[in-house]
Amino acid sequence: MNLKIALFGIAKEIVGQSVLEVNAPDDQPVQQLLEQLRAQYPALGQLSSLAVAVNNEYATDTQRLHERDEIALIPPVAGG
Amino acid sequence: MITIDLTDQPIDVSAALQLVQADGAGAVNTFIGTVRNKSTGRPVVRLEYEAYDSMALHQLRKVATQAQERWPMLENVVVIHRKGTLQIGDVAVVVAVSTPHRAESFAACQYIIDTLKQVVTIWKKEFYEDGDVWVAAHP
Numbered sequence: 032m033n034l035k036i037a038l039f040g041i042a043k044e045i046v047g048q049s050v051l052e053v054n055a056p057d058d059q060p061v062q063q064l065l066e067q068l069r070a071q072y073p074a075l076g077q078l079s080s081l082a083v084a085v086n087n088e089y090a091t092d093t094q095r096l097h098e099r100d101e102i103a104l105i106p107p108v109a110g111g
Numbered sequence: 418m419i420t421i422d423l424t425d426q427p428i429d430v431s432a433a434l435q436l437v438q439a440d441g442a443g444a445v446n447t448f449i450g451t452v453r454n455k456s457t458g459r460p461v462v463r464l465e466y467e468a469y470d471s472m473a474l475h476q477l478r479k480v481a482t483q484a485q486e487r488w489p490m491l492e493n494v495v496v497i498h499r500k501g502t503l504q505i506g507d508v509a510v511v512v513a514v515s516t517p518h519r520a521e522s523f524a525a526c527q528y529i530i531d532t533l534k535q536v537v538t539i540w541k542k543e544f545y546e547d548g549d550v551w552v553a554a555h556p
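Protein sequence lines, in the order shown, are assigned to chains W and P. Under our numbering, the first residue of the first sequence is numbered 32, with each subsequent residue one higher. Under our numbering, the first residue of the second sequence is numbered 418, with each subsequent residue one higher.
Excised from the complex, chain W in its bound form (with noise of 0.2 Å):
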């Protein structure tokens, strides 16, 4: 399946665009998701904390995804 993933703040910037589109096997859980995103951008694994959000709610990592889901990627976030 292909994701469409949203990047933000920091996330935005070590990958170089707001979108990334990523082919991953169907039912692919949140965790593989973020070990394959470290593997291909290091830089990633040096923040502080790093989450996958889908449908503006903060996944689990034994969470599965689906194509039809909005999926962002949620560098440290810093409101207030």
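Watch out, some of these pointers could steer you wrong.
Some, not all, of what chain W presents toward chain P, calculated at C-beta under 7 Å [unchecked claim]: (1) 40; (2) 41; (3) 78; (4) 94; (5) 106; (6) 107; (7) 108; (8) 109.
Just so you have them, the derived chain W footprint on chain P, three or more residues with Cβ under 8 Å [to be verified]: (9) 429 to 437; (10) 471 to 485; (11) 523 to 535; (12) 538 to 545.
Bear in mind the hints are in silico, worked out from the structure with no lab data behind them. Here a beta-carbon is modelled for each residue, glycine too, at the ideal position from N, C-alpha and C.
Got chain W sorted already, so can you dock chain P onto it with the hints?
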């Protein structure tokens, strides 16, 4: 009533205070976060907030709803966060709550701003005279 907003325009603090007023509320507590001119000892010249809008609004509403569940006497909650470029002294965020009595008002207001900082998808970039840094990005 919960009012949530994310805006690239200057925040009108007095309008936010009017929104939070309630006849049953004897206490209104407001937190105003402003841009300061230094960070970890380094002079800051301006900053930029970037947001994942749909998730930030959803998470802000969730935090406000959690506060209402925790303090059922909460009357109104207003949370407005700025995005875009901000100068020193600009208002970055306003959290205002109203309750019958003051203790819950202080507690709910603090809960909302603390939780906002942990979960809401907003990122801050500080600009110095000689560079810039995404806040909290690195250990």
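Residue hint residue 107 (chain W), partner chain P, criterion CB-CB below 7 Å: holds, 4 Å
Minimum beta-carbon distance criterion (7 Å), residue 78 (chain W) to chain P: holds, 6 Å
8 Å C-beta test of the stretch 471 to 485 of chain P against chain W, three or more residues: Since three or more residues must qualify, the claim that chain W covers the stretch 471 to 485 of chain P holds, with 5 doing so at under 8 Å.
Within 8 Å of chain W's CB atoms, at least three CB atoms from the stretch 523 to 535 of chain P: coverage verdict: Coverage by chain W holds for the stretch 523 to 535 of chain P (4 residues, Cβ < 8 Å).
Cut-off 7 Å, beta-carbon criterion: hint that residue 109 (chain W) touches chain P: holds, 4 Å
Closest C-beta approach of residue 94 (chain W) to chain P relative to 7 Å, hint status: Interface hint status for residue 94 (chain W): violated (15 Å vs cutoff 7 Å).
Residue hint residue 108 (chain W), partner chain P, criterion CB-CB below 7 Å: Residue 108 (chain W) check passes; min Cβ-Cβ to chain P is 6 Å, inside 7 Å.
Given coverage of the stretch 538 to 545 of chain P by chain W, checked by CB-CB distance under 8 Å (3 or more): n = 5 at 8 Å, threshold three: holds.
Per-stretch coverage check for the stretch 429 to 437 of chain P, three Cβ contacts closer than 8 Å to chain W: Result for this restraint: violated, n = 0.
Hint check: 7 Å Cβ-Cβ cutoff, residue 40 (chain W) to chain P: holds, 3 Å
Status of the residue 41 (chain W) interface restraint (C-beta, 7 Å, chain P): Status holds, d = 4 Å.
Closest C-beta approach of residue 106 (chain W) to chain P relative to 7 Å, hint status: holds, 6 Å
Checked against the numbered hints above, the structure breaks hints 4 and 9 and satisfies the rest.
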